[in-house]
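If you read the protein sequences in the order shown, they are chains A and B. Each residue of the first sequence is one higher than the last, beginning at 1 in the working numbering. Each residue of the second sequence is one higher than the last, beginning at 1150 in the working numbering.
Treat the hints with care, since some could be wrong.
Under 8 Å between C-beta atoms, here's a sample of chain B residues computed to sit facing chain A [as the list claims (entries may be wrong)]:
| # | residue |
| --- | --- |
| 1 | Ile1181 |
| 2 | Lys1307 |
| 3 | Gly1398 |
| 4 | Ile1549 |
Keep in mind the hints are simulated off the structure, nothing from the lab. Glycine included, each C-beta is placed from N, C-alpha and C at the ideal position.
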Amino acid sequence: MTDSSPMPTPSPAQAAPRRVWRAPEERVVADATGAAARADEFAPEVARAIADLRTAHGHSNVSCQTEGNSDDAINELRRELTTSLPAVNRRGFMQLTGAAAVFALAGCYKKHPDTIVPYAHQPEGRTLGKAVYFSSTVRDAGRAIPVMVKTYDGRPIKIEGNPDHPLTRGSADVRTQASLLNLYDPDRLQDGPKKKTEQGYANVAWSELDAAVGAALKSGGRIGLITGPIDGPANAALISAFSKAFGGQVLHGVHDTRPDLAFSAGRGALVRLVDKAAALVTFGGDYLADIGLEELVAYGDFRRLRGVGKDADLGQVISFEAALSQTGSAADLRVRVAPDRLAHAAWGVAELVAKATGQQIPAGIAASLAKIAGGKALGEALGLMKIAGQDALGFTAERLVALKKAGKFSLVYASSHSTARTNAPLLLAAVHALNALLGNEGVTVVGAASDTTIDANAVPAAAVLAAAAKGELGTLIISNVNPVFDVPGAAEAIAKVKTVVVLADRLTETARVAHFVAPTLHDLESWGDGELRPGVLSLQQPCIAPLWDARAKEESLLAFAVAAGVTAPEFVQAKPDAKEQKTANAIASGKPLWIAVNHGVLSWQRFVQRVWQSTVKAQAKTVADDRAFWNSALARGVLVVPAKVGALSALTLPADVALAAPVADTELQLVISPSRVMGDGTWLNSAWLQELPDPVSKVTWDNYLAMAFSDIQRLGLAPNDVVELKLGTVSVKLPVHVQEGQHPGTLQTFSGWGRARDCAGEIANAGLDPNFSIDVKPLLANGAGGVASISKTGATHVLANVQGHNRMHGRDIALDDVLDLHRTDAGGKIRHAHRALWGTGTDGKEHGRLSVFGKTHDVVGHKWGMSVDLGSCTGCNACVVACNAENNIPVVGRDEVRRGREMHWLRIDRYYSSAQDDQDMLDVDVIQQPVMCQQCDNAPCEEACPAMATMHNDEGINVMVYNRCIGTRYCSNNCPYKARRFNWYEYGKYRFGPQGSSDAFGRIAKNLITGGATSSQAELSKHPLEMALNPEVTVRSRGVMEKCNFCLQRTRDIREREKTTNHAIRDGEITTACAQTCPTKAITFGDLNDEKSAVNVQIAHAHGYKLLDSVLNTRPAVTYLAKIRNRPVTAADESAGHGDAAAKPEGAH
Amino acid sequence: MSTVATSDPVPSSQELPPLTAKQITDDITRPIFTKPPMAWHGAIAAMQGLAGLLVIAIAAYCIEGYGIFGVNQPVNWGNDITTYIFWIGIAVAGTLVSSVLFLFRQTWRTAVNRSTEAMTVFAVQIAGLFPLIHTGRPWVDFWLLPYPNDRMLWPNLKSAIVWDVFALTAYATTSIIFWYFGLIPDFATVRDRATNKWQRMVYSVLAMGWRGKANDWVHYERAYSQFAWIATPLVIGMHSTIAILAAVGKVPGWHATIFGPYFVSGAIFGGLAMALVFLIPMRSMLKLERYITIDHLEKLAKVMLLCGLLVSYVYVMEFFSAWWSENSSERHQFVYRALGNWSFAFWIMMICNIAIPQLLWFRAIRRNLVALMAIGIAVNIGMWFERFVIISLSVMQDHIPAAWDYSFTFRTFDWFILIGSFGLFFFFILGFCRVVPVISIAEIKAHLLKPKHQGGNHD
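Excised from the complex, chain B in its bound form:
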């Protein structure tokens, strides 16, 4: 690390005690066993407050009806599905880091995979909430599941929503199990160090009787690799299914074959941006600069830039195919996006997703924490607007002009669920920092304590 020019404010490793197994365990489990600072209390209380807005909005929706939100005819999907796809996108990136990079033997993933997987788990739960609360009658949402019943009713397997249900439930289940599975040895470590009765109790349950013997490890490694193999196609499949949900629709602006790769690359793009947004403050707050290094963040930024370029390509191609189609509805749709009454959404998307990420071509910016964080935030904003442009703007002006409506707007409760979902996410993340080892202790030891890598670049 010392050989690399860095803006990282951390003292170089030479000034710090050498890494030992104990030191690593101490560093990573410290947040669990020490009292959190006031800032953390303040932050989690604030996020709880924001999450409370989500609860209020959901309660209001259950009492009053879906009409409390800004949606209408023809904009049947507004904030709900936009934010759903946003969070699913975030979720997709986490599993990409842990499973795809695992399979490609990208060992640098070890520094961040726990956190990004946690991001996946939290984001997929928040995302999963939105389809459930966007329906008119949430109390019968379970009809989306194929379950035997005496009325002989079954979901419509031709419906892309049902595909989406399968994709989402499979993905959520897999990513939660995958994450938890990776946590088991670390939970055992925490359990063994715990002195507090409650901590002992909780972590002993979570550790599921892990004993860390060789046989355990053999099974563990084998299963972990299998999970990675299962999770990888799901990463692609999950977001492709959402893409298909739009692509099979007859709405101009949805009906495009490019949507699968478009959505997947967009998801990774946005998800990595979100990872940067919380990893940068987290590593300094938990003093993990030696584990989550600037090199790791730079690598994330590189992957992000690649995905950003893919997304930019699609943005341009969409316009081309609309023009090429000679379909007046399709052509109008893209003119409307760029010049219509919601064009600001389109231009925010273009600026945040195409222009700003180009800064990542510069190494100095890739290694500048403030810049990275700012770009991450910008890309997140851009990606939310991308989903909004695709989902809501497309239906706003479709085939029959008389049915267009300009009155769609964000109403109070739309803001509540949007802001509340962020509150809930960061509430989870803040909690995660304090109760779960944020880096895989077992794995990082394996990488950091190998003699040839000691003190150096460990990729």
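With the rest of the complex left out, here is chain A:
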């Protein structure tokens, strides 16, 4: 303030450029005029301000008159002002702002784009971006399922049913579809054959393997051969050629793990035709889970509601069972029977039927039944429920006899699992007796497969194992089955054989006891054929070149025979033709693959082709030449030839046989059933299957012990407690699951789980828990009658259950109705439900549209819609797997399922309801309801999304724009159906593996170190699993919402075609993955604007309704058809909607 020296005049000496000035003195100005102008820029204002400032601070000695101030004074004041704002002048401010902007921008980066390179030379018949379909066959537990394989650029991406197949009609089942992952399973053997050494397994060359096995085969001694079920002309021809080549030394055993096999009770393979029946009665077992795909398709026809009004009818299902099965959950009437009393119940029905039809049942059985009944009605003695005031046995017998009298047929079924094993043979006998008494034999139960395709000399695998145990076998070849896992004691038997060769795709339990392991190909990599039913043949062709150094199991047999010196023409091909050689070279050039022609062995492809061009062509009685016949068979994949159906062998029952008395009610009886999802455990390494909920319990990723609620209370247990389950001397540990509908005193657990460590693969290993052993096979070995004991271990294991709540709380969600009421008033219950809130829409129609604008969402052109028939849905999950495969849905793992983060776009909700006030939920009505995005016209999600990432397209589909999604999840909160799924993590990274470690800290640390490239999850998504991705569908990134969009890629694809070819889309030409695959055809998809479309026919049904629409006015595009229960009407049914059915909604009429 005291410094009054004038501002220094710029001089040339000071003109050295200073680019930054902090005080006016430092400023260098070139020309005086400019400097003066700038100096006076703010002069009057500055002066005034400074004066004010000083006044305010008490420096009153400064004059406040601005106009009269000299330049010097102003300069002084300016300097003072500058010093009161030190360090920050205009330029400094700009510098800081610039720096801030640079730092802010430094945070942004652009992802490195990937490059797509087109074909330099496009292969013939291939168009980039267009899928190519191949017909083929995939086997599950020996069943040859005909499939169509969708491939992109030479890699299969989806397995679908073969629409030309007369029995499966385009459907596919769960495990067949999921076997796609098995093809790309990184845990398959990748580097050629192995030989057991002291240290473990050593790699050997194929020639070395063949020489060793050939020498063993030549060295004499009997040759054991264990395979899965053999069907298909080429397969049968190979086995018989192999047997013939070794002069009858071959003992061929068939290892069959199909659960329904026991049904035949020694009468050979049976064929059941439920679509020809009017009623299905099951005693234990699980018809829907046990049967094959073609039977499930027939079941759909059997259960679909036919006719309208008084003529409405559908097949009836009555289930006698202890544990709630998939069949029991679909049944119209479910009668709880303790496992050891199933045989009594079955014979009780048989006795009544025999009496009504004037026939006899064995005297010993009749006597033991009378003894158990003790003068009472048998049903009462067995403690069975009453149906319509009548004994359950009497009701069932009456129904069956009535059908017989009306000239209709029924089907009675049982399976040996889920019953006490002491009575199992007699239960099966009862079922056969019933079918015979009712005249079903030859109509709904027909004989064995045709003679031509089955090896007549085959014995059960048990016989081969017995021979091995006795040391009778010199060599044992086990082809693609796993008896060591399936059959207790098999390992010991096999150990007695000098040379054991296992053909397997991985080091299974059986492979681990072998001397040599020959890697096999996946069904989609190799040739073959199958025969689903006598005369219905399917051909298997590879859809991809072998991924690893492995060879077809059949080719291994051929090579072994050649190495053993067999020179028959079925085995040897001295000189390959030029084309064959060229293909072989092409395939072999990239990697070390075994090529038959290079070793003088007839290739398996050539073998199949020869059989088909000779035997099969002759059977087909076609006039086409070999080449045309072969090509057309390959293209269609199926061929129906006339076949002789074997007659059922006569049923014989010893007269003096008696039923064992039931055990006391206080005993706990154990039932071991095959897993409804995993089957025999072959597919345990499939993440898709692991994450698939059990159709009844909805538990994923684990085996469990199902118990009745009352038992859990009685034993002082809690759900998820790990208990020790003891049967005889063997015990296993399992977590407990409360199962509604379970008969008190019954325990149920499932086989197929618990493959030994590293025998199935990494995903299966994730199921191994140190707290318990989920493999229940040891219990099977015990042979005890089934009376088990359990004790608490103190450990707990939380089961990953995808369903939160099992009851509807009186809400109109999954609706059902009773047939008799439906006949008199088809939409009564639905109408009742709809009247709950809105009677009339703003358009004046009953249940019409509601809109404050009076407008409706009319879509011109196509409007896609769907109908779901709850009556024929069995909850089998085939649609869920189809959706997984089609839409690249990630697997999230056990931990994430526990947290409620499963990603399935399509889920099947299962509700229990019970008529009485039944706290234990014993006699439950079960209903399965597939729920996908309902594609609401008034979509609550769309108005929620702040970024417009979800909206309606012009075809009525609610679409997700993943790129636009921020991930606020408001849409999901607002979705009343909870059909939306959120990518909580980058699930795509570890799509096929479990979530793994829940240790977030560890993962994050690892991510930081590795730059996010690997995490414990990523390691579980090994190459080449990503090859299964569908390139038509975006792989969603972390943080975005996703959901069902009616397979938008499919509707788009066909619509493009419609545009370019100007052909209107035919009804049925577009279908979603779920509708396409559904075995019972419960789902129908189509154009709602096409009046004649199949979906409109379904929607028109009076028992159709839209989920929650009556409450929320969401206007979904999905219509559910209520489940019609074919059972007597109860008082509760009358009050639930039909009681006031006559009353019409107000304003409607």
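Dock chain B against the given chain A, drawing on the hints supplied.
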């Protein structure tokens, strides 16, 4: 003050030097110019540590994904939105005190308005953080803003989230400007007293060249009043918009017309409770008992009681309307809240928000600092649980029972962001005490130095 029975441990004003302009300035600016005690260092270090948890959680979320938190399907919103609404509620109360009471000429607000506004500013920033970090892809959060872009994309103006973005940004901007604007004359005072070079530099920038001449004051007063007029509807609008976010949803438990006033009164209720929680220790720590008197706190407590009663009314009405609706989902929702597996949250809310505030009917309790602070803490806990019950419990059990899920839980990082947000808030508050005059020096002088009010009750 001497005429009032008080539990205030401060000596009555007669024993203290008379208030002069200099004395007031000295008292209020003392914390800025004196070295803070060790306790303050310890406290701010502890709060920094807690705030560090928030930083860790956010880093973990950015690296790993939103899955690190306990949310799931169907509980898509858990701790994130619950805590967001909690902090917004806190923020709302501050502006209420400064703008609404200003417009109603409640001059007693002068004692506390600076602090409650600071509370608003800090809480609104912390609250604003939560919507940004609750998204799946935080790096594209800016898509919520309407900005011109070559893809012709625009936020969905039908979405309540977008309304919320507008409300929040408008509210945050206004409250920050309002607060800062009120601070300008005081910053100038501090600048003029500052001897330290850095303090001079910083406060001179903050004071924006304020000179305190009459013309400045005229503009200042006029603008201040206009800000108050702008801020008042925003107080209502901000929290009503959040209420609408829930109310327009189809979730049973959200879909209610009462939500607007419900949320606003709840916000004021919780915000005043939070104000008590930090004002009581702050006034004693900074020795400002003569300025923030027990009477002021009592007045806050009275307003709090009123809002608590409004909230209680809504709690009861919600049950009534659920029953009246005859909607099974709606009815189930309220039974579930009271008796379900998360019922403890509901009962904490009922006890803390209905039962405990009834103590405020008693004058002795209203004037008991310990009791007031305890009630403030209880109400804060209750209000957090209220938001949790509304947001998370409602979606937990909505229309389709099969989709319910019982596995929602608080995981490590949920605790980190919850505790971290409190750490950050108190870190800000502690910092605020030491760098900003916590009472408006200019305004308080005007009120305290008026002759007729001297030494007496100045309301």
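Task: Hints not upheld, ascending by number - done: 1
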